[in-house]
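As a plain string of letters, each chain reads:
Number of protein chains: 2
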Amino acid sequence: MFVFQVIGKHNSGKTTLIEFLTEELKKRNLRVGYIKHDPKGKGLTDKEGSDTARVKPNTVKTALVSPNTTTLWILERLNLQEVLNFFTDCDLVVVEGFKFEKGFPKVLVGEVEEDLVGKIDRIDITVGSKEDYKKVLEWVLNNLKNEK
Amino acid sequence: MFVFQVIGKHNSGKTTLIEFLTEELKKRNLRVGYIKHDPKGKGLTDKEGSDTARVKPNTVKTALVSPNTTTLWILERLNLQEVLNFFTDCDLVVVEGFKFEKGFPKVLVGEVEEDLVGKIDRIDITVGSKEDYKKVLEWVLNNLKNEK
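Read top to bottom, the protein sequences are chains A and B.
So for the first sequence, the numbering used here puts the first residue at 1; every next one is plus one.
So for the second sequence, the numbering used here puts the first residue at 1; every next one is plus one.
Bound conformation, chain A alone (with noise of 0.2 Å):
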């Protein structure tokens, strides 16, 4: 992996550069990456016209890296498997959906979908109003326990 630097004053073509090298390096078919350091925290990361909104289409992964925060977009589509890989250092990991996935334990909250019945593979505990809150937040911290 080649790893270069572009640097040069605020407003000097920096990001014109590079959008210009990753436009012609995607079209040599090889993966490109691009990292842009944020040191202010000013990046806003859906913003049209902003140097990782630019450079982001010729990239198979761009990064902005601001000083509390990096946020990465990897450009290619991932399974849960996939995306579960990045967060290996977790103690423990909430996913949102994905409901046709198997083997995870699952949360319902409310009533289940008619098409979904004996589509999903568990369900470990319902939620019906907020006085289970307390119930599934046990059943976390059990399920962390046995874990270890």
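Because identical chains share one entry, a pair is satisfied inside a single copy or across any pair of copies.
Okay, derived cross-link-like pairs now, PhoX-like style, lysine-lysine, Cα gap no bigger than 25 Å in a straight line:
no. : residue 1 : residue 2
1   : K99       : K119
2   : K40       : K56
3   : K40       : K99
4   : K134      : K26
5   : K42       : K56
6   : K56       : K134
7   : K135      : K102
8   : K130      : K145
9   : K102      : K145
10  : K119      : K40
11  : K130      : K99
12  : K102      : K9
13  : K9        : K40
14  : K9        : K135
15  : K56       : K26
I should point out that these hints are in silico values taken from the structure, not numbers from a laboratory.
Got chain A; can you put chain B on it based on the hints?
Same frame as chain A, but now just chain B:
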């Protein structure tokens, strides 16, 4: 790592439950991850009040999994080397900024800032105008050849 899913109909209160759980789990000093499925690709990543914006502050990592993009937030201060660890599947990585970083080849666009003279470890190639863009592209392609 304990992984569980929260499922239920649209507007059933999944995110409200997850907000409660992740807040309680964070209070217990657990490293919490959150993965939100966005099967229709409608999720905006900066939007206030969005599911990820509500839960993210309670996590160390949050991901929004859209059809062709996964957005991952790492809510910790990372240095360049730690960010580069996410890019190992790329052929090349363009880094914009991090001018005081040592070791990596550097392209300078425009003039060097006066207060930086002597503080930047190396400048491999300089860009004065758009005429120089192809020269930089050739330089990148040559470096890639030499890597192999």
